[in-house]
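A.B. asks: Sequence:
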Amino acid sequence: MNKTVSSRPASVDFKLGRLKQLVANGESLLRWIDVYAAENAYTRVLHVPRVTQDQAALVFDLALVLSFASSRGEAGLDLEGLQRYRSLVVFSWTSFDDQTELAKVLKTLAETLDDAQLTDDSGSDSDSEGDSHSDGDSGCDSRKLRLDIVFAEGRWWLARHASLQNTVEKWIKTRLDRRAVTISGMSDQMTHYVQRLFEFDGNDLTAKGKEGKNPQREAFDHQALAAAHALLSDLVLVSGGPGTGKTTTAAKLMILRLLQEQITQPDNQPLRAVCLAPTGKAAQRLATSLRAQSLSLIDRLSLAPDLEQALITAIPDEGMTIHRYLIECGKPMDELSSFVRVSDNQLVFGAVNNEAPPTLVVIDESSMIDLALMERLVAALDDKTCVVFMGDPFQLPPVEVGQVFSDWVARFRGLHTGEEQQQLLATYLPYSQQQVAEAIAYGTSANVQPYIGLNPLVQLHKSYRFEGVLAELALIVRDGAMPQLEAFCLNQAEQDVQVHWLEDQEQELYLANIVQAYAFYGEAVARKASLAELQEVFDRYQILCSTRLGPLGTVAINERVNAQLERHCSKQWNKDLSNRLFHGQAILIEMNYPALDIYNGDVGFVIEDEQGRITFQFYRGGHLPPLVVPSHKLSGYSLAYALTVHKSQGSEYRSVAVVVAPYATELVSRRLLYTGVTRSKETLSLFAPRHMLSVLFES
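Sequential numbering from 71 applies to the sequence shown in this note's numbering.
Incorrect hints may have been included.
The following label-pair restraints were derived from C-beta to C-beta distances [as the list claims (entries may be wrong)]:
no., residue 1, residue 2, range
1, Ser257, Gly523, 13 to 23 angstroms
2, Asn649, Glu425, 44 to 54 angstroms
3, Leu149, Asp452, 52 to 62 angstroms
4, Asn649, Gln562, 37 to 47 angstroms
5, Glu489, Gln562, 45 to 55 angstroms
6, Lys703, Glu489, 54 to 64 angstroms
7, Glu97, Glu490, 58 to 68 angstroms
8, Glu269, Glu378, 15 to 25 angstroms
9, Gln562, Thr735, 23 to 33 angstroms
Quick list of in silico lysine to any residue cross-link-like pairs, SDA-like style, CA-CA up to 25 angstroms [unchecked claim]:
no., residue 1, residue 2
10, Lys598, Leu579
11, Lys240, Leu147
12, Lys90, Ser141
13, Lys240, Ala180
14, Lys174, Arg156
15, Lys240, Leu451
16, Lys240, Asp184
For the record, the hints were derived by calculation from the structure and aren't laboratory data. All C-beta atoms, glycine included, are put in the ideal place defined by N, C-alpha and C.
Take the sequences, apply the hints, and build the full model.
C.D. replies: Have a look at this one:
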């Protein structure tokens, strides 16, 4: 008969009591939810056959660490990831301090949990809160998911995250298992279109040289490689930093994929492309840019009128947030407000979009998609739809748990593409198979593994816009050391990029200058500029902060900017504007309003008409009418002159001031600084305490 540990020793109760006291006194980084998660996991695993008291204590520590890590956006942790949080461990100090020992005890624990048959008589309640069920062989089965922690894919997970990961992993595995093939009779025709679209010289397609070198081109065009991927596969991951041409790549591969679909299956449903992003502003910027570029690119192809019209019709006029797309697909969202539930039955009880599934879906700012949202998204995508994810894996991870896109990039950087697939890619390109192989290998991990399939990842390396001192600072922040940053500061002859050490005695002076920089916007507001002009002027400058609270947080800085605008406009308009909305105020939406097509992160403006009526208006590009909402319809918003770096993701500004507060240091990371710096297109001012960056760069 199998023995189980049914109660916990007094020593365990003592340590738990001490831990709870530390949390209650605010002397621990841990949260109550972390303690409860660990205690529940410990209690449940006590009833698993053959689990020892030491293993149960290890489960407590694992659940504690995993729960805390989830607050930092991490969904699953490998051995190194677990060791990063060893200071939080309560029982297993010895094991967590020694990587070899930790690997050994974790391996034994995983085998014990794997062998345990969690049937009804094992004491596990299959209907307990926190249970999650799933099937398939790619993550963990439903029996294992009755535990609170799970070992799968070389990582330890909280069970609820493992279930989400299992769905996402099965989806991507299905896509990867499809063998890439050229469509019979299509390779020559599509090669011709690739040549025209990328403006390769006619000789480029044949002059590859005896040693596999193309004398006509000095650098490999990775954008063309991405387009070739889209002709062979239903999944493409485009990774690149700012200015590397991700949107241009998307426009070209979109045209080619749609063209291939229309030629091969002209009698099918009409072509349709969809542009998605986590935020409304990013989605609309993507759609506007794709449509503008696509219309000019299509002219290069000299297509028959009916074929050209089919492509033009397929390209979307507007983008959508991922949340809106899921709603239109009939996927219920937890974030639906009570207003939506009561007033819009269509959104709750069925899909509002009855069109055929899209031919192609392009998703920008993919690094912002968390695990739960990705799970919903892949479940909504049609099996025949070609999906293109684009993003910068070095940007901030999502606010919620799971950095899916960054994990995908890291994973596929470690895989090579099989020779057969390399040859298929070379079919469409003015390069030899060897050149294709070398291009794919560039930027991959040191320990690359062979892979017979088509690796979906394409990395863009060349920057077409983001260069000079701005790019230099971004690289230092991302990968460099403190001496490099200090040397950069000493050589600041370039006025477009400035780093200011934020010392206590200079804090007020710097803050006044940061706020005063909005004076130009105040002039536009004072003359009651139109919505389009307000948007254009507003996008010239943005303050980005590391935190919301405190004297250098978004709340305080927004109040100072608003007070400055209020004083200026009160004088110009000869009216009291205190404690009221007035024309030109910029607002940031902080909750979702699906029925209004307004989502968290959208930026709008207060507009006052000639009759004095106040509305909130959202600019959607020159080709679409603005979204106009009565002011009483929205309550979840704040001022938008200063944003947290997190909220700025998916946006670009001509000039940016990044303010790193000397407090709330746990919020500051290289990825936060990198994300802030790369929001700027032209000029940047970085304000940060020297000692904080020194510690950050050395850690």
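A.B. asks: Run every hint past the structure and note whether it holds.
C.D. replies: How the hints compare with the structure:
1. Ser257 with Gly523: 13 to 23 angstroms: 19 angstroms, holds
2. Asn649 with Glu425: 44 to 54 angstroms: 47 angstroms, holds
3. Leu149 with Asp452: 52 to 62 angstroms: Check failed, 38 angstroms falls outside 52 to 62 angstroms.
4. Asn649 with Gln562: 37 to 47 angstroms: Once the Cβ atoms are compared, 42 angstroms apart, the range 37 to 47 angstroms for Gln562 and Asn649 holds.
5. Glu489 with Gln562: 45 to 55 angstroms: 49 angstroms, holds
6. Lys703 with Glu489: 54 to 64 angstroms: 59 angstroms, holds
7. Glu97 with Glu490: 58 to 68 angstroms: Holds, since Glu97 and Glu490 (Cβ atoms, about 59 angstroms apart) stay within the stated range.
8. Glu269 with Glu378: 15 to 25 angstroms: Given a distance of about 18 angstroms, which is inside 15 to 25 angstroms, the answer is holds.
9. Gln562 with Thr735: 23 to 33 angstroms: Holds: the Cβ-Cβ distance is about 25 angstroms, inside 23 to 33 angstroms.
10. Lys598 with Leu579: Given that 25 angstroms is the threshold and the Cα spacing comes to 30 angstroms, the pair is violated.
11. Lys240 with Leu147: Holds. Lys240 to Leu147 sits at ~19 angstroms (cutoff 25 angstroms).
12. Lys90 with Ser141: 18 angstroms, holds
13. Lys240 with Ala180: 22 angstroms, holds
14. Lys174 with Arg156: Distance of about 16 angstroms is within 25 angstroms: holds.
15. Lys240 with Leu451: Holds, at roughly 13 angstroms.
16. Lys240 with Asp184: Holds: Lys240 and Asp184 sit about 20 angstroms apart, inside 25 angstroms.
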